[in-house]
Amino acid sequence: MEAPSKGKFERILNAAIEAFAESGFHQCPVSKIARLAGVADGTIYLYFKNKEEVLIQVFQHRMGDFISSMRRELSHCETTEACLRTIVKAHFSYMEQNRLLAIVTQLELRQSDPSVRLAINGPLLDYYSLIEEVIRQGIERKEVPRQDIKVARQMIFGSLDEATTDWVMAHNPRTFVSEVEPMLALFEGALRLKKQANEEVQRVAQQKREEDGNADS
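Under numbering that gives the first Met the number 0, the sequence shown has 18 at position 19, and the numbering climbs by one with no breaks.
If you are wondering where the hints come from, they were derived from the structure by calculation, not from laboratory data.
Incorrect hints may have been included.
Below, in silico cross-link-like pairs of lysine-lysine (DSS-like), each with a Cα-Cα straight-line distance of 25 Å or less [what the hints assert, rightly or not]:
#1 K7 / K31
#2 K141 / K88
#3 K88 / K48
#4 K88 / K31
#5 K194 / K149
#6 K7 / K88
#7 K141 / K193
#8 K31 / K48
#9 K193 / K88
#10 K48 / K5
#11 K194 / K88
#12 K48 / K7
#13 K194 / K141
The whole structure should be built from the sequences, with the hints applied where relevant.
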């Protein structure tokens, strides 16, 4: 395969998302992806081995970008509550803004070959790690009590994942971001987030910012 031209590669990925969402992965011919991308059928095979690899690359690139963006946002959060809010809001907002991709990730990937599901583990493991790190830091800050981090992560990711599937399959379209607060309340309750400790962390962080500002002046 030739080294991908970024512009053409992105066009093919975008076309694949639209084609898979409309026709379903198994029913979608490569020719439809090519037509939507504005390239010849054979061009697809210059960039991808087969249709399965197109699906894998869609997930790896789009979800990889999403997780990188979320990681940057989390780097600015100073409390567990802020981190949880960022995760929920970023997840719901991204899926709502990319509904066709949500259809592909929630419905089509679940029906794909086991080898495809295995190949997309990278971004998923990164997402798991991100959530687990938030929980671990919350325990270290004493904002949440000590608990099984893996089980807590399964609860958070599983809830976000199930909510996304429900939103995708709903007959009556609704605004996904309106569910941020209820989901956040669920996570805070399940993790037994200590609000008082959370407020103390904010106070200390504010005090540190003021001290740093005085030192610079």
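Agreement of K7 and K31 with the hint, judged by alpha carbon distance not exceeding 25 Å: This hinted pair holds, its Cα atoms lying about 15 Å apart.
Hinted pair K88 and K31, Cα distance within 25 Å: Roughly 34 Å between the alpha carbons, so the hint for K88 and K31 is violated.
Pair hint outcome, K193 versus K88 [Cα-Cα no greater than 25 Å]: Holds, at roughly 21 Å.
Given hint K5 paired with K48 - CA-CA distance at most 25 Å: 17 Å, holds
Given pair status - K149, K194, alpha carbons within 25 Å: Judged against 25 Å, a Cα distance of about 23 Å means the pair holds.
Restraint status (C-alpha distance of K194 to K141 at most 25 Å): 11 Å, holds
Given pair status - K48, K31, alpha carbons within 25 Å: Measuring from Cα to Cα gives roughly 16 Å; hence the hint holds.
Restraint check for K7 with K88, where alpha carbons must lie at most 25 Å apart: Cα-Cα ~31 Å, so violated.
Straight-line alpha-carbon gap K194 to K88, limit 25 Å: 20 Å, holds
Hinted pair K141 and K193, Cα distance within 25 Å: 8 Å, holds
Straight-line alpha-carbon gap K88 to K48, limit 25 Å: Between K88 and K48 the Cα gap is close to 36 Å, so the pair fails against 25 Å, i.e. violated.
Hinted pair K48 and K7, Cα distance within 25 Å: The given pair, whose Cα atoms are some 16 Å apart, holds under the 25 Å limit.
The structure shown violates the earlier hints numbered 3, 4 and 6.
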